[in-house]
Amino acid sequence: MKYAYYPGCSLTESAREFDVSTRLVMERLGCELVEIPDWTCCGASAAEPVSKLMNYALPARNLAIVEQEMADEGITEVLAPCSACYLNLLKVNREVIGDRRLHGRVNEVLAASGLHYRGEVRVRHLLDVLKNEVGAKIVEQTITDGLRGMKIAPYYGCQILRPYPVFDEPGRPVSMEPFIEAMGGEVHHWDMANRCCGASLMMGHPEVAIRSVADILSDAAGADAIVTVCPLCQMNLEAYQAKARKAGGRGVPVLYLTQLMGLAMGLSEQDVQLAANLTMTPAVRRGIAARAWAGPAPAEDEEPAGLNG
Amino acid sequence: MNGAVRETWSPAPEADQMVLKELRETVGACMQCGTCTASCPNWHAMDITPRAMWRMIQFGMLDEILASKTFWMCSACYMCTLRCPRGLKLTSAMAALKRLAGIEGSRGARRNLAFYAAFMDDVEVHGRVQETSMMQRYFLKARDPMLPLSYVPLGLRMLGKGKVHMPGRGRGGVLRPLFAKAREMEGLS
Ligand code: SF4
Ligand code: SF4
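Residue numbers (UniProt numbering), protein chains in the order written: chain A, 1 to 309; chain B, 1 to 189.
Because the hints were derived from the structure by calculation, they are not lab data.
In this text, a Cβ means the ideal position worked out from N, Cα and C, and glycines have one as well.
Don't take every hint at face value.
Facing chain B, from chain A, some residues (calculated, C-beta under 10 Å) [claimed, not checked]:
#1 Trp190
#2 Asn194
#3 Ala290
Straight line, CA to CA, 30 Å or less: simulated DSBU-like cross-link-like pairs of lysine-lysine [unchecked claim]:
#4 Lys151/A to Lys131/A
#5 Lys246/A to Lys161/B
#6 Lys131/A to Lys181/B
#7 Lys89/B to Lys181/B
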């Protein structure tokens, strides 16, 4: 299967390890990812508070490029690994297409750069493709270094299944569980799997977002690691663990699902850029190498108390 | 209206009425059941509950609405939108309230919009967000001398992990025509 790949800005900046591991793992699983030529930012959750029209036009531009330039190669589906990118792209199909007035206005904006979107590109999240196109059985066949009962807490966050629950149950998501089990890991069942990490509230009102992060981290107690499929969740859960500990949370290593899959498939730590994760201290990495995880992220990685961090 | 927001999105006088009309349409069918409030992870930081906010919109209590910090505390998690028995697009309503506050230049709007505005400016200039230049824009717009300092520890850790990159050109100004057109159409020129 061939997909138009939309990495999104984070995966070309601070979340490169998610990009690298996604490409490697998907290639092993027989999915061909063709990066959308000249793709641009989807607006994340910053566009809507500034301009309603740009909130739709920014993602629509990328879909229009796929529709106009990639259909010849037989590519009609977009794969987005980032939850915010995924929702923004999906919103165009759900909210713009079918609303004649809004569709016309969005195309009027796109026309300013010679583009037009009819609505014929399907939007898929990485996890949707893993679940419904690849399947855990295929993943199981690629596993060489099983996780030996490592306890993994799957974290889904918000925008991946809300407000559009396309491929899983938003109240109690389970789509990552078969993959964790296929890798030989054990699922940590918890209540916070779909709780919001605070998202961009971490920038303007960190004291509010930290409270959510602390709740999530304390509910992960007993797990060897949390896995995510969103760069913003990853950043919020990883970068503020020292602050969260003061608010009652605990330190837990946080990885991308694709990094863990890559490791279980026998890729090296360098291949999946494990060292790039903020919670990957030498002790945690030794634990992973031995497939028996060390405890929580040790204090050596703690940032000095900042005002905001 | 404040300077930082005007740089990019400076509204025509009718823009606020358009947003208010849209808001009333969005929450008009609210039956005040309170499910949205009960679902919100950030309710503890809000001064007016989401449920009460929709009532105030129905009544057009603009001054009270703009004085509230409720909508600034929305992290766009879509839990309320998912659960509302009336199927109302409540997360969009929270975003529309942020836009309205920006247009009206209400107290705290510049500071609260600083991050979103910095993000969008960076997208307009580079086509893709360049995190380092976006943060610089954010610090400038927030006009808070302590803010950059508070990011030093995290910045250093990210630097150590190779997560900080020199701002590149991204895709350059490829999105400028789109931004210009949208501003013209939204009466924000
Ligand atoms: S979308 Fe906003 S208002 Fe709704 S539940 Fe989430 S944070 Fe609360
Ligand atoms: S959940 Fe929906 S109907 Fe109930 S109070 Fe909130 S907006 Fe109104």
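Here is how each hint holds up against the structure:
no. : hint                 : in the structure
1   : Trp190               : violated, 15 Å
2   : Asn194               : holds, 8 Å
3   : Ala290               : violated, 22 Å
4   : Lys151/A to Lys131/A : holds, 20 Å
5   : Lys246/A to Lys161/B : holds, 24 Å
6   : Lys131/A to Lys181/B : violated, 40 Å
7   : Lys89/B to Lys181/B  : holds, 26 Å
Violated hints, in rising order: 1, 3, 6; the structure is consistent with all others.
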